[in-house]
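Peer 1: Sequence:
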Amino acid sequence: MKDRYPDLYSSSFPLCAQSARCIQMLAELDALQYASGGISGNYNENSQDSKQIMQLAEHVHFCPTCQKALAVARKTQDWQRHILHNVLIEDEVSVPSTTSSILESLRAEPLPDAFTPHKVFPAIHTPLHTDIWEKNLREEGTAPMYGHSKWSVISALTVAVVLVIASLQIFTHAENIAFTQNPSSNVAKRPVAATALSASVRTTTSLHKDKNWSSVLMAYHSMDGKRLIVDNYNLSARKSTQLLSSSPTTVVDGVSHAGDDFVYHAYDQVRQQTIYVLLSGSRYSFPGRGLNAIWSTDDTSLFVAREDGLLWKVNVKDQHASQIKHFGAIRIDKLAFYRNHFLYYVYQKTLYRINVDIVGSQVEAIVFNASSMTFWMDPVSENIYYVKGIGVHKKVYVHQSYKYPVQDFSLHLDGTPIGYTKEASNMWSLLYVDWEEDTARFTIKKASSKQPVLEAIVDDGTQELCYGTMIIGSVCDDSIALSPTGTGMVVGGMSAGHTYQLWSVDLSTKTRRVFSIAPGQGFVQLIGWDKLAA
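Residue numbers (my numbering): 45 to 578.
I should point out that these hints are in silico values taken from the structure, not numbers from a laboratory. Yeah, the Cβ is synthetic: ideal placement off N, Cα and C, and Gly gets one too. It is possible that some hints are incorrect.
[Claimed, not checked] Restricting the straight-line Cα-Cα distance to at most 30 Å, the calculated cross-link-like pairs of lysine-lysine (DSS-like) are:
| no. | residue 1 | residue 2 |
| --- | --- | --- |
| 1 | K357 | K119 |
| 2 | K378 | K119 |
| 3 | K378 | K554 |
[As the list claims (entries may be wrong)] Here are the simulated distance ranges between beta carbons:
| no. | residue 1 | residue 2 | range |
| --- | --- | --- | --- |
| 4 | T555 | H456 | 24 to 32 Å |
| 5 | T543 | E480 | 39 to 47 Å |
| 6 | G269 | Q451 | 42 to 50 Å |
Put together the whole structure using the sequences plus the hints.
Peer 2: Below you can see the structure in the form of structure tokens.
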């Protein structure tokens, strides 16, 4: 097998009479997918052609033969584009563009008066019969061209080619601007207004790495809404340490897998770039508006995405960034996670992946049309868990790593996945939170057992583990932080008194307690557990 797909011409591969039709309608099928974020959606349903395309898309969704045929067609199409792009780049290197001089000459010419009639020059009726190029045109049925017209056409074509190549050069140069380490050094070269992170204040407290996962990283806004505060709450010591005070638009992306660092970012409207900062001190800036950053499994790299679909891999140790080359354009809402060469990302609640270690890798759709933008990968099997459903009535589904998306199935579990708990050596079980309508309580359960782990994880009267959704039984991703060991958790939600409350829950002893990190605190975003200690 290649790319985990069977050979298209294998005798074991089912034949399909629609495969040729699918390849012919490749552009329409891709347009339908981008318009709806999947195989379903409103795509000019009133026209007969659109209905046929939607029927064909539905067929593709359940036909592995057509899926493979389309995958091969996309690879061929993208490879042709890649070759053409390389040819243009090589031509530009061998014959540098003269766009600037051409434009300068055009600007130097006097502009014609709007009320001055154009001069009409007499035509020269002496055809150049010895010109092979003109002879060929005449043989093809094209009207004869005259001397001045021929050179005008050649000049126009030359200018057009030069402008196209120059545009590609400018675009390529703009898209591949290298990131800058410690961008504050560049600020000194050209004075500008304060940047998004210039007023950030980081902790001066000496931190060290603890042996255990003892703390939880949290973010909340100051009472006046003008600052984002990032605190680290140590559950054992019951003490909170402020690590960062920054602009309210700052976003905390996540804690490293080792638990000793985290990354955050903000968009600088003045320079039109996004700055990513590590607690350990490194700073990186990228042109354009960036999305979230995620860590590689070994924490040696960061993956960064931009709104327009460009991806970068940043080596944290040698401080080098390289753009991830892939076939075709991609659309992205956020990065999800990285595992075994594959970077997973989400667009319109559909999970995709791309191999970042192969130049020109093709994007694969893994999960279609989930009900949430959060996906969980099994620590061992690489199966992916997600939810489908409306409101609080959500079912847990699983995508097996070696099967097609159409083969996903329900685990018949009602709830929201929050992480894993270790049951034995190299064996983990999925944990999920369920809203019990009969008892009006939030219960935590695991997929491997019918018995609940804890029947009431928060105080009675709490009806949402979110902030301000006003939906009874709702569970939000940033209101629950489960420890990597699966033995402890911090939960936030609206209490019976309609105030946002925090609870620390010990799943081993099945006990909980209420705590706060700041006077008059409102909503608190729970980033994740760490090993940082003051």
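Peer 1: Okay, T555 versus H456 on CB: inside 24 to 32 Å?
Peer 2: Cβ of T555 to Cβ of H456: about 30 Å, so the range 24 to 32 Å holds.
Peer 1: Assess, step by step, whether the Cα of K378 is no farther than 30 Å from the Cα of K554, and give holds or violated.
Peer 2: violated (35 Å)
Peer 1: Given the hint that K378 pairs with K119, test it: the Cα-Cα distance must not exceed 30 Å.
Peer 2: holds (25 Å)
Peer 1: Holds or violated: are the alpha carbons of K357 and K119 at most 30 Å from each other?
Peer 2: Holds, at roughly 23 Å.
Peer 1: Go ahead and decide if the range 42 to 50 Å is satisfied by the Cβ distance of G269 to Q451.
Peer 2: holds (48 Å)
Peer 1: Does 39 to 47 Å hold as the CB distance between T543 and E480, or does it fail?
Peer 2: With a Cβ separation near 23 Å, T543 and E480 fall outside 39 to 47 Å, so the hint is violated.
The structure does not agree with the numbered hints 3, 5 stated previously, though it agrees with the rest.
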